[in-house]
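Residue numbers (our numbering), protein chains in the order written: chain F, 13 to 416; chain L, 13 to 416; chain B, 13 to 416; chain Y, 13 to 416.
Think of the hints as simulated: they come from the structure by calculation, not from any bench.
Careful, some of the hints might be misleading.
Any copy, or any two copies together, can satisfy a pair, since identical chains are not distinguished.
Think about it this way: if two alpha-carbon atoms lie no more than 16 Å apart in a straight line, the pair counts; the simulated EDC-like pairs of lysine to aspartate or glutamate are [what the hints assert, rightly or not]: (1) 400 with 287; (2) 393 with 287; (3) 53 with 70; (4) 40 with 58; (5) 293 with 392; (6) 40 with 384; (7) 391 with 416; (8) 391 with 287.
Chain by chain, the residues run as shown.
Number of protein chains: 4
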Amino acid sequence: MAKITMLGTGLIGTFYTRTLHGLRGRDKVVNVYSRSPERAKEFAREHHITRWSADLKEAILDTDSDVVVVGLPNNIHREAVLLAAQAGKAVLCTKPLGRTAAEALEMLRAVEWAGVFAGYLEDLVYTPKTLKALESVRNGALGRILWARSRETHPGPHSPWFWDAEQSGGGAIVDMGCHCIEIGRNFIGKDIRPVEAFCWGATQVHPIEAEDHAIGLVKYANGAIGQFEVSWTFRGGLDLRDEVSGTEGTVWLDHFLRTGFEMFTAAGQGGYVAEKAEGQKGWLFPVGDEVHELGYVHMFADMLDARDAKRAPMETFYDGYVVNAVIDACYRSMNSGRWEPIALEVWRGKEEGGAEKADKGNEAAGPAEKGDTLLFLKKEKMPDGRTKVIFKDKATGRIVQKIE
Amino acid sequence: MAKITMLGTGLIGTFYTRTLHGLRGRDKVVNVYSRSPERAKEFAREHHITRWSADLKEAILDTDSDVVVVGLPNNIHREAVLLAAQAGKAVLCTKPLGRTAAEALEMLRAVEWAGVFAGYLEDLVYTPKTLKALESVRNGALGRILWARSRETHPGPHSPWFWDAEQSGGGAIVDMGCHCIEIGRNFIGKDIRPVEAFCWGATQVHPIEAEDHAIGLVKYANGAIGQFEVSWTFRGGLDLRDEVSGTEGTVWLDHFLRTGFEMFTAAGQGGYVAEKAEGQKGWLFPVGDEVHELGYVHMFADMLDARDAKRAPMETFYDGYVVNAVIDACYRSMNSGRWEPIALEVWRGKEEGGAEKADKGNEAAGPAEKGDTLLFLKKEKMPDGRTKVIFKDKATGRIVQKIE
Amino acid sequence: MAKITMLGTGLIGTFYTRTLHGLRGRDKVVNVYSRSPERAKEFAREHHITRWSADLKEAILDTDSDVVVVGLPNNIHREAVLLAAQAGKAVLCTKPLGRTAAEALEMLRAVEWAGVFAGYLEDLVYTPKTLKALESVRNGALGRILWARSRETHPGPHSPWFWDAEQSGGGAIVDMGCHCIEIGRNFIGKDIRPVEAFCWGATQVHPIEAEDHAIGLVKYANGAIGQFEVSWTFRGGLDLRDEVSGTEGTVWLDHFLRTGFEMFTAAGQGGYVAEKAEGQKGWLFPVGDEVHELGYVHMFADMLDARDAKRAPMETFYDGYVVNAVIDACYRSMNSGRWEPIALEVWRGKEEGGAEKADKGNEAAGPAEKGDTLLFLKKEKMPDGRTKVIFKDKATGRIVQKIE
Amino acid sequence: MAKITMLGTGLIGTFYTRTLHGLRGRDKVVNVYSRSPERAKEFAREHHITRWSADLKEAILDTDSDVVVVGLPNNIHREAVLLAAQAGKAVLCTKPLGRTAAEALEMLRAVEWAGVFAGYLEDLVYTPKTLKALESVRNGALGRILWARSRETHPGPHSPWFWDAEQSGGGAIVDMGCHCIEIGRNFIGKDIRPVEAFCWGATQVHPIEAEDHAIGLVKYANGAIGQFEVSWTFRGGLDLRDEVSGTEGTVWLDHFLRTGFEMFTAAGQGGYVAEKAEGQKGWLFPVGDEVHELGYVHMFADMLDARDAKRAPMETFYDGYVVNAVIDACYRSMNSGRWEPIALEVWRGKEEGGAEKADKGNEAAGPAEKGDTLLFLKKEKMPDGRTKVIFKDKATGRIVQKIE
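Taking the hints into account, I'd like the entire structure generated from these sequences.
Below, the structure written as structure tokens:
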């Protein structure tokens, strides 16, 4: 059983607390902090939490709690993490870890120096679909991963501070790109070094300073490419999808808008449909159990199990740091209009990324080379039932087809 | 915390135990029974269960356990439940409750007479999607429910005893119809009396005595209709879908084959894909977290919470009894070829089902009646942008249309 | 090139004419009939048709047209077809052929006696998806067909006469059941005799005499089962789906509501979305090219090509007659509450339906029998990666499983 | 009726000819050219074409044909178009128009100087779904378009010459990017100037010189962004999807892999499933009528109708030229690693793109500004049923939320 101090009482704090108190759960939030005493008190009452506080340090130092969960605005992550590390407490921090890689690195060093358990609360890597898809990838079902697209778009965030670049550290990229980048890393391989990033971003709709729409590309040392699409301008709800391509297969995940639950109502629902749903009539697409589908349940289980077992969780502060470094490169690229190197002062993966070159034909997918002279390109069933195979002649470079 | 004796070590016992030990769960299986000592011992080892037994009575009487979970073949439910009731233990029994309504009624009376907590383990009513859809129905999003279709089909069960009509009490209807019937009751209203059933069943493919395919209809006192489709002849995996129609709306649920997880693999998975999946290559449709998506997590949470709170769970032995009564009528109908009355010696719902008649026009869906003379039938947007409204003249009975 | 007289100017006449004049089409509607001269004239103007008439006989006798298309209310089909046959004209009649099998048989005999080309305009059998699925079935992709479900439901028809049982011959069954029954026949095999029908029907919502919701089952001589679901009470648009199961496979067709076209609009469309669409905001599901997706294009191509080639079209008046005979049995069953024989005075298919019995195990799907003693039931991949095979012992009837 | 000379007998020529001869079509291919006399003769026989030729000039000069359709490898487009223009023939050219903008401009000038009718055969803009979606966009259903993603990926082309960069002019970008770019232009507005392009491309799998995977971004003068994803490395069939976002709505189109036709077969199909389908067993996703779904039918109808009506077709040689200019910029960007200007020597759209700035709040989507001091950002339904609205204070720039 873990005894937890929850820092933050917004939507994130609510989702986290609800998850931790979960179905027949053994863990317990024992203290909650909010800047506003009223909000802290009210939250404690709602969630049957014994103690509350409006003093950050006091909440963290609560001697009857072992774990601090940081669910605060981005500009307070650093302070909270540093206090928790100093206090020798296990600390779990919501995404993004820092507003910049520099902040993230400071936090990483603080917990490592203090020797406390630390976890990076990147929930979307823990959705049950993502966990199972990652297992398939590890089992080789997709072959070598070539491309991973992750998309998170919706009509805009739910809390005011997200919209304020000073507090949040940026716009849609900091808010959601962090999810997408880490999903891409997980599929492509966390030990493969992300080397360069390109990013387009713009403020297309909302009267704010930060970008409300961005598209980014991340080049990996092994030639794989990550792609993210984030937006606060999307209409129709919360669009949360991943697509992954490899030499042997494909995975498509839809986490929110098309999950096998479709409802038409002319009368309306009389309430909440789903996070960031728009409208209450017509065709609606609710989600079964949101905290589960969004990965919170499996995330906290991994975090607390890891702490009990004294092993690293699946998502560490180091991962959070890498994500921040990629985001930093994206913002530089938005300004420079070109690929920007991803600066990783600390790199703990493979040195040269184990780049496998595409210079030997796609052998896995097709028949063996014909003798020594032809390289296989593609095999295809034709409308007339025959099979066509296309080769390249190694000597002449000419393309040849054979009908079988 | 609940201390549980698990009876049965097949796929059901495995799913149940895995769920109870769940993610950060506080409950614990402390004893496991199997007819085979080897199997019991092995299961105990796998799931870190302290005690095991090959003696049913001994396992039930274990003084260090408070809850008995029956995950045995159908023909042993009655014996196990009666022993648990005698022992004063809380008892949770898998579906179907009995092989017949008579058996179920005996079990219902035993637990009620003994005053023990009892729950009916009808997992598919507890899938997160079903729970949320039921809430929408209660909120009026679908208006008055007219029709509920529930479908469960796959290539055939995983345990030998299902195929043996003596042990199981029948074929696909007993195995899966019980799910579908109870899903229909939940959507239409558990207090509405099911009055008549019609059923077609046949042995189309497998060399067995029992039906491997059946389609049934259940008439309710308020005019609503339940429909079930069950089969052991379906190819393509486990097809688990519900569709519900009401005067104001529609719900479509897909629990297994199309849930937003799609994978193509030319290489194969190297293992298990999903329950009753067929094939390991090409397009596959895995499920995120099976025990969650199939309702086990929310079912056991409700059961054990209800026991702690001394309230009835959502699914009771009485529900199991009603389901058995409907199944009995279905088997009679398969033989007689006609509607058969559903015999309910004990009925605890509304007396005349609160039948609402369809004699006043579909007011909710359309404009108010035109004066006193016209009944509204339908309103429709035409390709040219105008709106057509169709009425019936009360006096003459003639149908009239107006273009607006 | 065919010169056509169009009888009827409602939605059907409009869809038919639009299709016949299609994209770069060579055929031409040269005369149009409506009871109302204004409507006839207006329709002629809209569709660039030279001649129009408000006199049925005159329109049919037009010497410059070779083909008569009947797009009239059901109660006028017989008169129109008989006039066309008398006039020696090719005649294409919309669905259902008659209001009863007796009417249909009279029409069938009239065209056969007159020796004129006749086609039954059952468009939903001609949707491009259905045509391709039928080809797959003929190629054996699904093995022996066991079950075919066809569903057509929407909020109610667009023309007033559909709602009037005298003119239409019934309610939702006559209106849409005719489609579903013929789709079932096509998948199961037109030469297989439909022997018995069972039907539930009710007036659940609308203040009319006829049924606005019905579910029917059709038993075929070879043991296959057809299922139809028709309703004028469905909310959410036009639900048009077919599902077919065979010993080797499954087909799912969605013709209208989920075809790969999804749109969210907060602003609205400013017009027509799709046939029977409900609402203009929120998530909408338009269809690409309606007359194509609903089968009109391929239907008229087959009809007119068949006439040119002096062969029978895919759908003949005989098919229309069989459908009417099944509908008649359904209405009898609605009253009797039991299976009713399908009376076919004229039967042109296989005599005993080529019933293949399910008495030899599902050999195609599994491994060969083990020696002479075991019958194969099922093979399944287990979560631990091993394979389980279930057999029945021929001698003892006992069920046995082997783990491989 | 059009009399057509078909140049090319590959898959494109086959699809084109099949479409032109279509269902009850009035047009006719009267001459066919292939470099190989055998292939030309065989093609003529298969498609009932009177004349054939292995001499390009002779085929184009055929005095009994009025329209020349160019379905040849990219490196012969220019020659064929110039000959047709010289001959005063109407000419329809497959995509891409040229291998470079320079080639395309030469062709554009040739047909304009000769005054012949010319059409650009960009079929994917003509799919029935795309045509209807474009109409919705014109009707304002999506508001101002912000983003258009178009994706075409598959395991590699069917004809050898595509793989040869000299003949085709490049790899996946030239082959499929041309489709995606033009789809983007259609949604964003053809009169809006595309100003800059960025592109990543790599040879990830196949042993060829050209890129087999690319991702590109196109910036438009009004701030909208086009995105394309093209690949010859995708596994699972032909993935052909478009997604469009605007201030008021969203459109998702799936043209090939998920169109409402799903089939499982354990037995196999015994033949062709769909263009570029992989595998013949398991879950398959055929398409109803391929030439229709891929836009060929509506494309040729528009082209030939436009010629008859002496109006421009929807897709002109000028459009082909703009697409080539974007592709040229993409290749430059692949090398430079930065945004590259799109060089359009000839620009026929709006001068400054009618850029609408995002500086006034998203008024259409939300409530009007609160007095003069607050700018609307977002409105959201909360889980507790209340509504939260987020504003920005004009004076202070601070973000404020109100709970209603």
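Right, here's what the structure says about each hint:
Taking the shortest alpha-carbon separations for residue 400 and residue 287, only the inter-copy value of 13 Å comes in at or below 16 Å, while the best intra-copy value is 49 Å. Taking the shortest Cα distances, residue 393 and residue 287 sit within 16 Å of each other only across copies (8 Å), while inside one copy they are farther apart (45 Å). Only within a single protomer do residue 53 and residue 70 lie at most 16 Å apart by alpha-carbon distance; the minimum there is 15 Å, versus 50 Å between protomers. Taking the shortest alpha-carbon separations for residue 40 and residue 58, only the intra-copy value of 14 Å comes in at or below 16 Å, while the best inter-copy value is 28 Å.
For a Cα distance limit of 16 Å, the shortest separation of residue 293 from residue 392 across copies, 15 Å, qualifies, whereas the shortest one inside one copy, 46 Å, does not. Neither within a single protomer nor between protomers do residue 40 and residue 384 lie at most 16 Å apart by alpha-carbon distance, with minima of 66 Å and 47 Å respectively. In this assembly of identical chains, residue 391 and residue 416 lie within 16 Å of each other by CA distance solely inside one copy; the values are 10 Å within and 34 Å between copies. For the identical chains of this complex, residue 391 and residue 287 are inter-copy neighbours only, at 12 Å across copies versus 45 Å inside a copy, given an alpha-carbon limit of 16 Å.
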